[in-house]
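Asks: The primary structure of each chain is shown beneath.
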Amino acid sequence: MANTITKDEVMLRMHDIHKSFGALEVLKGIDLEVRRGEVLAIIGPSGSGKSTLLRCINKLETINSGSIEIEGEFLAVTKENGQAEYAESKKERQLLGCMGMVFQQFNLFPHMTVMENLLEAPMHVKGLKREEIEPYAKELLAKVGLSDRADYYPSQLSGGQQQRVAIARALCMKPDIMLFDEPTSALDPELTGEVLKTMRELAEEHMTMVVVTHEMAFAREAASQVIFMAGGNIVEQGEPEAFFANPKEERTKAFLKNML
Amino acid sequence: MDKLLDTFLLMLEGSEITLEIFFVTLIIALPLGMLAALGRLSSLKPLSRLVEFYIWLMRGTPLMLQLLFVYFALPMVGVRLPDIAAALLAFTLNYAAYFAEIFRAGIQSVPKGQYEAAKTLGMSYPQTMRRIILPQVFRMVLPPVSNETINLVKDTSLVYILAMNDLLRVARTIVQREFDMTPFLIAAVFYLAMTFVLTWGFKKLEAYYGKYDN
Numbered sequence: 001m002a003n004t005i006t007k008d009e010v011m012l013r014m015h016d017i018h019k020s021f022g023a024l025e026v027l028k029g030i031d032l033e034v035r036r037g038e039v040l041a042i043i044g045p046s047g048s049g050k051s052t053l054l055r056c057i058n059k060l061e062t063i064n065s066g067s068i069e070i071e072g073e074f075l076a077v078t079k080e081n082g083q084a085e086y087a088e089s090k091k092e093r094q095l096l097g098c099m100g101m102v103f104q105q106f107n108l109f110p111h112m113t114v115m116e117n118l119l120e121a122p123m124h125v126k127g128l129k130r131e132e133i134e135p136y137a138k139e140l141l142a143k144v145g146l147s148d149r150a151d152y153y154p155s156q157l158s159g160g161q162q163q164r165v166a167i168a169r170a171l172c173m174k175p176d177i178m179l180f181d182e183p184t185s186a187l188d189p190e191l192t193g194e195v196l197k198t199m200r201e202l203a204e205e206h207m208t209m210v211v212v213t214h215e216m217a218f219a220r221e222a223a224s225q226v227i228f229m230a231g232g233n234i235v236e237q238g239e240p241e242a243f244f245a246n247p248k249e250e251r252t253k254a255f256l257k258n259m260l
Numbered sequence: 001m002d003k004l005l006d007t008f009l010l011m012l013e014g015s016e017i018t019l020e021i022f023f024v025t026l027i028i029a030l031p032l033g034m035l036a037a038l039g040r041l042s043s044l045k046p047l048s049r050l051v052e053f054y055i056w057l058m059r060g061t062p063l064m065l066q067l068l069f070v071y072f073a074l075p076m077v078g079v080r081l082p083d084i085a086a087a088l089l090a091f092t093l094n095y096a097a098y099f100a101e102i103f104r105a106g107i108q109s110v111p112k113g114q115y116e117a118a119k120t121l122g123m124s125y126p127q128t129m130r131r132i133i134l135p136q137v138f139r140m141v142l143p144p145v146s147n148e149t150i151n152l153v154k155d156t157s158l159v160y161i162l163a164m165n166d167l168l169r170v171a172r173t174i175v176q177r178e179f180d181m182t183p184f185l186i187a188a189v190f191y192l193a194m195t196f197v198l199t200w201g202f203k204k205l206e207a208y209y210g211k212y213d214n
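Quick note, the sequences are listed as chains R and F, same order.
In case it helps, the UniProt record's numbering puts the first sequence at residues 1 to 260.
In case it helps, the UniProt record's numbering puts the second sequence at residues 1 to 214.
Where hints are given, some of them may not hold.
Stated by the list, open to error - Okay, the calculated beta carbon distance ranges per label pair:
id : chain 1 : residue 1 : chain 2 : residue 2 : range
1  : R       : D8        : F       : Y208      : 51 to 57 Å
2  : F       : A105      : R       : S224      : 45 to 51 Å
3  : R       : K126      : F       : S42       : 26 to 32 Å
4  : F       : S124      : R       : R200      : 56 to 62 Å
5  : F       : Y209      : R       : E249      : 52 to 58 Å
6  : R       : S185      : F       : F69       : 55 to 61 Å
7  : R       : R130      : F       : E52       : 38 to 44 Å
8  : R       : S46       : F       : W200      : 36 to 42 Å
9  : F       : A105      : R       : G47       : 52 to 58 Å
10 : F       : A207      : R       : R200      : 39 to 45 Å
11 : R       : R130      : F       : Y209      : 22 to 28 Å
12 : F       : E16       : R       : S89       : 36 to 42 Å
13 : F       : E52       : R       : G127      : 35 to 41 Å
14 : R       : S147      : F       : Y209      : 44 to 50 Å
To be verified - With a Cα cut of at most 30 Å, we get these calculated DSBU-like pairs of lysine-lysine:
id : chain 1 : residue 1 : chain 2 : residue 2
15 : F       : K203      : R       : K143
16 : R       : K79       : R       : K129
17 : R       : K59       : F       : K112
18 : R       : K79       : R       : K90
19 : R       : K174      : R       : K59
20 : F       : K119      : R       : K79
21 : R       : K90       : F       : K119
22 : F       : K112      : R       : K197
23 : R       : K90       : F       : K203
24 : F       : K3        : F       : K112
25 : R       : K174      : F       : K154
26 : R       : K59       : R       : K143
27 : F       : K112      : R       : K143
28 : F       : K112      : R       : K91
29 : R       : K253      : R       : K28
30 : R       : K143      : R       : K126
31 : F       : K204      : R       : K90
32 : F       : K112      : R       : K28
33 : F       : K119      : R       : K138
34 : R       : K197      : F       : K45
35 : F       : K119      : R       : K59
36 : R       : K126      : F       : K211
37 : R       : K91       : R       : K129
38 : R       : K79       : R       : K28
39 : R       : K174      : F       : K112
40 : R       : K126      : R       : K91
Treat the hints as calculated values from the structure; they're not laboratory data.
The C-beta atom is built at its ideal place from N, Cα and C for all residues, glycine as well.
Next up, chain F with everything else stripped away, as it sits in the complex:
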């Protein structure tokens, strides 16, 4: 019983890294994704193209490769980041690209009539975006954002290859040491608990923002 408790506590410690990567990535990638979406939709062609290229690059290569690149290749050109920062850089750049595409689709699905109504009422473009378009976009993108967010919980386990002691690596270490599979099960329960909380939270958000469309 003591052993189980020890395992549990060790893994709780491991989930700190997991949660840190999760939250920091989310907090930076969401607004960054929104900026990228606006850039992608900009009438400034070079900006739109640049963002399109960035999205293509991030979605077209494995996140694992991006992690390895930031971790091993950047130091060769003199950019040496602390482990956690390297991981966060790769994660935020990658997730912002996915969020950008979700936000772009959301913005484009708001009917043209909404812009026209705002315009005939004298609202400026920033005002229209902030007060009319984006609130509707938030509502519409909640399901796909929820999906990506749950993916992110699981993707955090990729830092395993950077020898960072996240939840999965701690589990693996104990399994190798004790020849006992229980830590894997506990890890599964940890991931499930996190995704459960997220699913619940997004459901609440959808209900709140859904109050106006029945």
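One chain only, chain R, in its complex shape:
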């Protein structure tokens, strides 16, 4: 499949996404599109629905209505009765397998070493043999600058190191799209830099990324597209340069003024 993909290929398309928690509507009809190699940064105040939107992409939250398309195939479509319906389980597993995720709280497996964290899914989900995947895992650890920490347990690492392991763990499944849910929000300020650096390098390698973040500098420099959300809607979106230099909407201006 890889050789048929062009650079303009739409990797992720969401249309008219609605999501409620009980009576509270947190997503009120979201549309977005991410092409291969693009980095989409989603910013906005807390409670704006940006994390929920991200979690809808890989079905950590299910949508009420709308459609989600991953690499041209439907993960969810809305039926005539107005309810979203997900693809059958085999197709769903395949589409969800195209995506990797990095969480705010790292969520490394505490009872496994760094290397075991990386090898777990390739060996037990994909059924690869250790020798088939370990060289790649080592390569990834080198890339995130943690080759010397392969045999450490997560509790023996700093937050920044844990998050870099989490990125390597997700990459070890060779995803086409990487989702980041406020990856630096749980880190001390002096540790965010090392994680952002790793993410920048990924972006430079043209990994397709969707990043929910409060790091305006990252959004401005590494993103190819920025979405500002508030109250469950997309208020404004655009290329980072124009977006940050000349925001059009009052809410965007007010938000950016507070952040900078």
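Guided by the hints, dock chain F onto chain R, whose structure is given.
Replies: What follows is chain F alone, placed relative to chain R:
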């Protein structure tokens, strides 16, 4: 001196029943408790309710009463079990209920993020439980399981009322016959020795599983 040795040997024999009840109960009640915990947490409401009722019943009545019920009441409805089997049935049902609650608490204390991380890596629910959640649960439940296990050593003495010649009953018999309190002391030493070994073993286990959290 010979008399003391005789007493000691008789009591060693008595501890056979004690140890048998202890080990068999443990071996059956631990996995049964795990199944009950998973059932209790199941999204199948009737199953969850049924397990909840079982736990309530077992924790809400004295183990002694449960022993008497299995031993004396079941034969009246035609279920006649050998002595040891009757005792084991009551013990395993009772202890599995306690273990179930310990395991349930352990499973629920694993952060939601662990399930989400496993899910985004493509792991199935059984895989997630077996490889990610339960190993963490084992580590967390070791202290309360250790507690229950030590209780079990002492609870085995309840079979006394079923006229089974366990450690305590042998001691009591000798005391009554000889008018000498030494067997009680020896019994205490036996129980202490068993709990000592258990405490030591659990300490080792905790150290082994604790290697990853400092």
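Asks: Looking only at beta-carbon atoms, does the pair S147(R), Y209(F) fall within the given range of 44 to 50 Å?
Replies: With Cβ atoms ~27 Å apart, the hint is violated.
Asks: Holds or violated: are the alpha carbons of K119(F) and K79(R) at most 30 Å from each other?
Replies: 26 Å, holds
Asks: Given the hint that K79(R) pairs with K28(R), does the C-alpha gap stay at or below 30 Å?
Replies: The hint holds at about 18 Å.
Asks: Going straight from one Cα to the other, do K79(R) and K90(R) come out at no more than 30 Å?
Replies: 20 Å, holds
Asks: Would you mind confirming whether the straight-line C-alpha gap from K3(F) to K112(F) stays at or under 30 Å?
Replies: Status violated; Cα separation ~62 Å.
Asks: Can you confirm whether the C-alpha distance between K112(F) and K143(R) stays at or below 30 Å?
Replies: Holds - the C-alpha atoms of K143(R) and K112(F) are around 29 Å apart, at most 30 Å.
Asks: Within 52 to 58 Å: is that where the Cβ-Cβ distance between A105(F) and G47(R) falls?
Replies: 32 Å, violated
Asks: Quick one, are K112(F) and K91(R) close enough, alpha carbons at most 30 Å?
Replies: This hinted pair holds, its Cα atoms lying about 25 Å apart.
Asks: Hey, K112(F) versus K197(R), does the alpha-carbon distance stay inside 30 Å?
Replies: Judged against 30 Å, a Cα distance of about 28 Å means the pair holds.
Asks: For the pair supplied as a hint, K253(R) and K28(R), confirm whether the alpha-carbon distance does not exceed 30 Å.
Replies: 22 Å, holds
Asks: Within 45 to 51 Å or not, the Cβ separation of A105(F) and S224(R)?
Replies: The hint (45 to 51 Å, Cβ to Cβ) holds, given that A105(F) and S224(R) are roughly 47 Å apart.
Asks: Going straight from one Cα to the other, do K79(R) and K129(R) come out at no more than 30 Å?
Replies: Given that 30 Å is the threshold and the Cα spacing comes to 41 Å, the pair is violated.
Comparing the model with each earlier hint shows violations of hints 4, 8, 9, 12, 14, 15, 16, 23, 24, 25, 31, 34; every other hint is respected.
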